[in-house]
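Here's the letter readout for the chains.
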Amino acid sequence: MLIITTHSDVLVDAMTDQPDSVLVAERDENGATLTRLDHDKLKPWLEDYRLGKLWIKGGIGGTRW
Amino acid sequence: MVTLYVEGGGDHEIECRKGFRIFLEKAGIKGRMPRIFACGTRNEALNDFTEGLNRGETAFLLVDSEAPVSLEHQNGDPADWRPWDHLKDRDAWTKPDKIAALSTGVELHAKQKIETTLKDATKDCVPKGAYGKGAHSFKILAELSPSKVIAASPWAKRFIDEMKKITA
Numbered sequence: 001m002l003i004i005t006t007h008s009d010v011l012v013d014a015m016t017d018q019p020d021s022v023l024v025a026e027r028d029e030n031g032a033t034l035t036r037l038d039h040d041k042l043k044p045w046l047e048d049y050r051l052g053k054l055w056i057k058g059g060i061g062g063t064r065w
Numbered sequence: 001m002v003t004l005y006v007e008g009g010g011d012h013e014i015e016c017r018k019g020f021r022i023f024l025e026k027a028g029i030k031g032r033m034p035r036i037f038a039c040g041t042r043n044e045a046l047n048d049f050t051e052g053l054n055r056g057e058t059a060f061l062l063v064d065s066e067a068p069v070s071l072e073h074q075n076g077d078p079a080d081w082r083p084w085d086h087l088k089d090r091d092a093w094t095k096p097d098k099i100a101a102l103s104t105g106v107e108l109h110a111k112q113k114i115e116t117t118l119k120d121a122t123k124d125c126v127p128k129g130a131y132g133k134g135a136h137s138f139k140i141l142a143e144l145s146p147s148k149v150i151a152a153s154p155w156a157k158r159f160i161d162e163m164k165k166i167t168a
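Residue numbers (this note's numbering), protein chains in the order written: chain A, 1 to 65; chain B, 1 to 168.
Source of the hints: derived by calculation from the structure; they are not laboratory data. Hints may contain errors.
Said to hold, decoys possible - List time: in silico EDC-like cross-link candidates among lysine to aspartate or glutamate, alpha-carbon distance up to 16 Å:
| # | chain 1 | residue 1 | chain 2 | residue 2 |
| --- | --- | --- | --- | --- |
| 1 | B | Lys18 | B | Glu115 |
| 2 | B | Lys88 | B | Glu72 |
| 3 | A | Lys43 | B | Glu51 |
| 4 | A | Lys41 | B | Glu115 |
| 5 | B | Lys30 | A | Asp28 |
| 6 | A | Lys53 | B | Glu44 |
| 7 | A | Lys53 | B | Glu72 |
| 8 | A | Lys41 | B | Asp85 |
| 9 | B | Lys26 | B | Glu115 |
| 10 | B | Lys95 | B | Asp77 |
| 11 | B | Lys133 | B | Asp161 |
| 12 | B | Lys30 | A | Asp20 |
| 13 | A | Lys43 | A | Asp28 |
| 14 | B | Lys95 | B | Asp85 |
| 15 | A | Lys53 | A | Asp28 |
This structure is a prediction, so every number in the text was calculated from the model and none was measured.
The task is simple: from the sequences and hints, build the whole structure.
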């Protein structure tokens, strides 16, 4: 198993065909969470956007803003 | 999770999300801060918003009115205003069916001739040059006083009130 942490949308783009391999780390007032992406839920969007682009647009969380 | 789908942000998605986030925080949105989705073009905004609804999200759409909203669409209590009627008239957009079932809505703001005026006013600025919507608008958004925006625009007040209600 290989675990990579990244802020690179290019690397996230490379996971477009296997979004289930991506865990999104976020923090809110209740603490930190790790959420695994769901390919089926993202499928309609991934017909329009690469995964990295979807991330940068704000569609999967894991962003500061 | 509430998601706010905003028109704009094209190649400036991060700046877009940052500008809106700071503006909403200054406006007093706390607790469950909405996720901000920088959609790009107007039609992309509608498509992304519709996808969000289909995913079962509590979704809001924020788009330019592009033209003054007819008085018949903004009569009486702001909660009863009909932005989708304006979008139907101007863009031939159909209100997504799922909106009726969820606490979702659309908010409008009129940009009128602001962009032209800003460009003209800053055309001789050095070194930043004339105002550019993508490059500068979101930095300006983050600097705006929400109270002044709300005082100037009843649509902005409606938007902020709804955001506060749904994120409380």
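Evaluation of the provided hints:
1. B:Lys18 <-> B:Glu115: violated, 20 Å
2. B:Lys88 <-> B:Glu72: The hint holds at about 13 Å.
3. A:Lys43 <-> B:Glu51: This hinted pair holds, its Cα atoms lying about 10 Å apart.
4. A:Lys41 <-> B:Glu115: violated, 38 Å
5. B:Lys30 <-> A:Asp28: Measuring from Cα to Cα gives roughly 11 Å; hence the hint holds.
6. A:Lys53 <-> B:Glu44: holds, 14 Å
7. A:Lys53 <-> B:Glu72: Given pair Lys53 (chain A), Glu72 (chain B) is violated - Cα atoms ~39 Å apart, limit 16 Å.
8. A:Lys41 <-> B:Asp85: Given pair Lys41 (chain A), Asp85 (chain B) is violated - Cα atoms ~30 Å apart, limit 16 Å.
9. B:Lys26 <-> B:Glu115: Not satisfied, since the Cα-Cα distance of roughly 24 Å exceeds 16 Å.
10. B:Lys95 <-> B:Asp77: violated, 20 Å
11. B:Lys133 <-> B:Asp161: violated, 26 Å
12. B:Lys30 <-> A:Asp20: This hinted pair is violated, its Cα atoms lying about 31 Å apart.
13. A:Lys43 <-> A:Asp28: Given that 16 Å is the threshold and the Cα spacing comes to 27 Å, the pair is violated.
14. B:Lys95 <-> B:Asp85: holds, 9 Å
15. A:Lys53 <-> A:Asp28: violated, 23 Å
Checked against the numbered hints given earlier, the structure breaks hints 1, 4, 7, 8, 9, 10, 11, 12, 13 and 15 and satisfies all the rest.
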